[in-house]
Amino acid sequence: MTDVIRALRVLCVCRYRYYAHDPHRALQSTFTESAVKLLRRRAEELRSVSATNSTFWAIRRDVIRQQLRDEIFYPLEYFPTLELKASATSRTTHVRHTDVGKITFDVETIVYQTLPNMHVTGALLIPAKCTPANPCPAVIYASGHVIPSFRESHLQEVLLNLVARNIIVFAFDPPGQGERLQYFNPATHTSDAGTGSYNADDASAGTCNARGGSPTREHNYLGPPLFLLGLSPLSVWVWEGTRAVDFLLERREVDRKRIGMAGCSGGGTQTAYVAAIDDRIKAASIANYMSTFEVDLSWQGSSDSEQQWMRGAAIGLDKPDLLVARAPLPTQVLMSSNDQDFPMEGGMQALRDALPAFLSLTNHSIDIPLPPSFPLTAATALAPHGYSKNTKEHLYGFFMYHFGMLDSDQLVTRESVFAGDLPYAADKHSGGCSSSSSSGGGKGEAAVSPIDSDESGVSSFGWEWDRRLQWVEGMELPVPSGYVVNDMDIRPLPCRSLKVTRTGQVFSSYRDEWGLAQWIHEISAARRHDLDRIRYGKKRWERSLVEWLKSVRQSVAKVAGIGPAASTRTFDPLPLGEYTRTAPLPSPLAHRGSRAEAKHASPQNQHHGQERMAARRDLQGLRRSSWSTFSLSPPLRQFLGTVRWGPEHLMERWVIPTAGKGVVDILLWLPHYNMPTGYRGGSRRVGVGMKVDLVVMIDAWEWQYDTYHRPTGVKSASHDVHDVLESSQALNYPSSIPTNSTTRPIGVAIVSLTGFGVTATSPPASNVPPGASDAIPRLAGFSNVGFHAWEIQQVIASFTDDDVRVRSIAGIVAGGGLSSALLHAVADMANVRVGAGEGEGVSVGAKISLVLVDEIPSYALIAETRLYEMPPYMEISRVLVHYDLVDVLASLFPFGGRALIVDARAPIRRQDIENYASSCLNGPQVAREYGFPIDALHQFQATSRARLDIWRDLCDGRDVADESKSMWGRRGKVERQRKKERTDNVIRWIWGQIMPI
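Heads up, the sequence shown is in this note's numbering, so the first residue is 4 and it goes up one at a time.
None of these hints come from the bench; they were simulated from the model. There's no promise every hint is true.
List of simulated lysine-lysine pairs, DSS-like, C-alpha gap at most 25 Å [what the hints assert, rightly or not]: (1) LYS132 / LYS285; (2) LYS105 / LYS132; (3) LYS285 / LYS260; (4) LYS132 / LYS260.
Between beta-carbon pairs, the in silico distance windows are [unchecked claim]: (5) ARG931 / PRO189: 29 to 35 Å; (6) GLY407 / THR191: 45 to 51 Å; (7) ASN925 / ILE62: 57 to 63 Å; (8) ALA528 / VAL103: 53 to 59 Å; (9) PRO375 / THR210: 54 to 60 Å.
All of these numbers come straight from a predicted model, not from anything done at the bench. Ideal placement from N, C-alpha and C gives every residue a C-beta, glycine not left out.
Sequences and hints are given; from them, build the entire structure.
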């Protein structure tokens, strides 16, 4: 065994000691614990409220509705209320034979507009008995996650059974489904997002099913840019649901007083949202969605972008509040025993949480058995995610009873929870409402129970199928199940009968169709224009450049949610309202009515940002102002060991426990001046003859192992460790550089934040679902950027320990998406000196040089790029309502900040991922994107040592064809040499910044 291998083993011994039981779940566990604490605080506050306190529940219901409108479905009031311009593209008559006779109904295929240049397709199924002279009740059906939308054969069975009971049904396509693919490719007639497809011209009955995957990718590509702009796909889904109600109210065949809404899975999501805020929906059936966030987080941790609540837990809301907002209107919850997306125990808990509101507002006593007519009912099924025979029959009975269509002799109930159902493996009547219904939850799949918990109290995986059956068969519903009406076997319609547009897609049928992707682009372009007007002071309420940059620095902690207690701080949705005086949804699409104008023009709104900025956050127990010089106490850092790394360096390993199960891993290389002769390594630190200036590389590093799983070295994602050491060694032991009294030795620290390197999230290995690390922070009111920025601040503070032998942090290097976290960390710390003594410790702000490699310069650029898979560690919800990345960069210059931009990149689209070199920004693009920081630099350069250099290294056109989709190019001799040159140039640039000090 070589000395290097023997020494490295010393540093690997505690690999799992400082992490969770699964290190790859460290980031998700940390985020989940933060969100669960907020959710449990809400539950604790409600536990003491009596079910008979009708005044409290009436007020709480109204408050929830307002919170949903203002925070979760925000900003609904700014969506333009356009004329629907509804038109029928066809009307056909169909006849179906059932076991109780023949049914006749008409099918109108409908198209209308909900937003400018955005067409919605749907179908109106009208029973023959329903006429303007004899109006009938109507049900809006929201489709789940299936590509054909409501045309899917199993879903048609539900629609046609309602039609057979003389109920009008209106079903429409959500974005990304049916005839509304948002990334439609006319050449392939499929989506560029990689979802499945279906044949809209299929004339065979019962075969209108999807080929390929679910529409989830379409939805999730729409999410990140909307979140950046302060919107949400959730807002769009709610808006389209309310416009569907508007459409039905225009139909003379519809009884305006008897309108209901139903949906399963994604459709249950939309139904729950719309019914919570729209009183025109008299009855709502929510299937396979209702749960609690705590159970959802323990089960899967993520969901589609339209199912994610921005700051829901932070403001004290949970999914059961959607039911409370409905009280006392008729509401039904349908669940499945083996729902792999929304576990049944979550639905049970949601019913228990909402029951007191319905009891108090209907004057029912909790001591008296509730009748089947109680407005809150529920039904379950021994089935996977989706409708089953039992839940469908309860759905029909629910609407017929509350629409007054059942006689007294037709009021049939079932006493058993699962009566009428077999286990789903043998239940031929069960049918999914989303494409995930057949992909999991089967026999042998892991299930969750609230009594299975880890040490943090968060539920975890653990129940097998047989044990789960024993558990669910003995449970009781907290509410009555309601009435049932038998399910009829009705042959579904062919796809062609439900085809709305000429070509089967709105994009190829309407030349003026924008779609949500183009709509997002227009909003982003308008927001970029508004920010430019603020930056250059062309508005009549202009502020000086210094004040604008000051407001940016004061906002970064609040907007990004920096720190472990970020979600508990007071949030200001428009802290820059005094500068913009505009709604978050900018022109040309904003609907600025008199109410909106009055709100944002009020004197209180002009000054509320300044008042709230006065209360700054606590970091390491020190209350401070972001514009003051302060001392930052170092966090608890733990030393693991040291080894001799070659003839010139010592390598030490440190870990910093941050929040929850988060751990920052640090490898520290120091020049070995005065190192003891023959020293190989050990568990004690070794003194160094003189202090060093430290270069911090924010990167993802891992151990390299041989065939015997023995550590042989360190590999880094962005920079070759040996290149970094060689570059620093050339400065520490100069041969070509004359040695003089100003030579200062350089040390190198490679820092791996939580979620990178050893703790990198690995879904196949650790059951961590994709998207978990961005949905959970969004729910809790912070962001990945804020969390990682706080970790970077902990790293900076940790080097105040004199034993670490660090004079100052000379520079910090970050690559790719971590550039945003670095900018926010340093901007939030402002002009700070960390350390107790005068002239000691680490100088932050004016003393740190930043190097941003492969940076995407603008969040607006991301929002305007179609099909960009934005890494979760880059996202900050609502950031473009406040500022952009270039504003954060420019805010460093008044304090003498220095920055180097290397190879600025544009967001790369999904279809161009194989040609990564195409993402390089050329000269004019760099000048455009960094125009504002360059202009700001010119103003402050004379009074400070501010500096901004922009290099095009790997993007300078040499051997571009050799680069692959890897961030650092193809592994070859030419590319290897160029990487080494770039690393050497970066280290020398940092060294050049500290020499004049």
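Hints and how they fare:
Straight-line distance between C-alpha atoms of LYS132 and LYS285 comes to about 22 Å, which keeps the hinted pair within the 25 Å bound. With a C-alpha separation of about 13 Å, the suggested pair LYS105 and LYS132 falls inside the 25 Å cut-off, and the hint holds. Restraint check for LYS285 and LYS260: satisfied, since their Cα atoms lie roughly 7 Å apart, inside the 25 Å limit. Between LYS132 and LYS260, the direct Cα distance comes to roughly 18 Å. Compliance with the 25 Å bound is thereby established for this hinted pair.
For the pair ARG931 and PRO189, the supplied restraint of 29 to 35 Å holds, since their beta-carbon distance comes to about 31 Å. Checked against the hint of 45 to 51 Å, the C-beta distance between GLY407 and THR191 comes to roughly 49 Å, which is consistent with it. Under the hint 57 to 63 Å, the C-beta atoms of ASN925 and ILE62, about 59 Å apart, fit the expected range. In this structure, ALA528 and VAL103 meet the distance hint of 53 to 59 Å, their C-beta atoms being roughly 57 Å apart.
With their beta carbons about 38 Å apart, PRO375 and THR210 fall outside the hinted range of 54 to 60 Å.
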